[in-house]
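Visitor: In order, the protein sequences belong to chains A and B.
Here the first sequence is numbered in the numbering used here, starting from 4 and rising by one per residue.
Here the second sequence is numbered in the numbering used here, starting from 4 and rising by one per residue.
Calculated directly from the structure, the hints in this document are not laboratory data.
These numbers were taken from a predicted model, which means no experiment stands behind them.
A couple of the hints might just be wrong.
Just so you know, same-sequence chains aren't split out, so a pair can sit in one copy or run between any two.
Within a straight-line C-alpha distance of at most 27 Å, the following computed DSS-like cross-link-like pairs (lysine-lysine) qualify [said to hold, decoys possible]:
#1 Lys28 to Lys166
#2 Lys110 to Lys28
#3 Lys82 to Lys28
#4 Lys24 to Lys63
#5 Lys92 to Lys110
#6 Lys160 to Lys24
#7 Lys166 to Lys24
#8 Lys82 to Lys160
There are 2 protein chains.
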Amino acid sequence: MIRAVLSVFLVLAAVSSTFAKYTPKTGRRNPQTLSRGWGDQLIWAQTYEEGLYWSRSRNKPLMVLFHLEDCPHSQALKKVFSEDDQLQKILDEDFIVLNLVYETTDKHLSPDGQYVPRILFVDPSMTVRADINGRYANRLYAYEPSDIALLVSNLKKAKKLLKSEL
Amino acid sequence: MIRAVLSVFLVLAAVSSTFAKYTPKTGRRNPQTLSRGWGDQLIWAQTYEEGLYWSRSRNKPLMVLFHLEDCPHSQALKKVFSEDDQLQKILDEDFIVLNLVYETTDKHLSPDGQYVPRILFVDPSMTVRADINGRYANRLYAYEPSDIALLVSNLKKAKKLLKSEL
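If we strip away everything but chain A, and leave its shape as in the complex, we get (with noise of 0.2 Å):
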């Protein structure tokens, strides 16, 4: 019986605790992540300058993906990429991974225009890798599905460090 009693309190105490936080008027949000689904198990920068302070620091090439939650070929290429283990093993051990639905101002990161999905690499030496590209003339870093394995290669190609001019 008190078993019972303790459990009912223990239930109430729950409820009552979800109960306790701000809801809004549309109904409770899933809270947002900051994978937003491109790898969840992968620890991503928030912000350019959080990830340029993380590449310097522990010299690793940064990787920036700009895409739109509401873009079909940003979408598509999200599925492969966040269940591609390779890929996703390659980036977490060796990158500083960030994915942005906003640009930056550094004009560099747009080398042919602002478009999604699109994937920039960046030396620790601050350089953007203007020379690591995908196979389309007209759209230099963009990546479908398909090509997996050409961004696993160069991914490859940006572990290669650029030598420091200093």
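Got chain A; can you put chain B on it based on the hints?
Guide: Structure of chain B alone, referenced to chain A:
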């Protein structure tokens, strides 16, 4: 019997789909949230550029909150901040919100230094409201957990928009 076999099959399918995804050597991680614990129900901007864009297009002031995960003052403020329903409601309905663990390149966001926790408001006219501050003369934009009422009153100040110079 068929139902039992089906159940086992479904469980196995669920387990294998869990294990098919990339797992870091150090074990599975909880996905990072954009709220970082400052209000899971709020819709957070990821970057300052994004926050400014939303502020202008929705004509709502932007709150920029600088903090650090390993700063005890930030943690203490976060607890009170995230649990205050009135504060969370005003932020959700009348503000664009951004929390950052790295500084931006805009010096206007650090009028008296780059300490944490630090809260600045930006009017939709793109003016940093350096006139809206807390109670500490040496750190004008710092708030302690006991300053939540002052912070709510400052939100009301920030809601009175400046006249656009256009």
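Visitor: Tell me, in ascending order, the numbers of any earlier hints that this structure violates.
Guide: 1, 2, 5, 7
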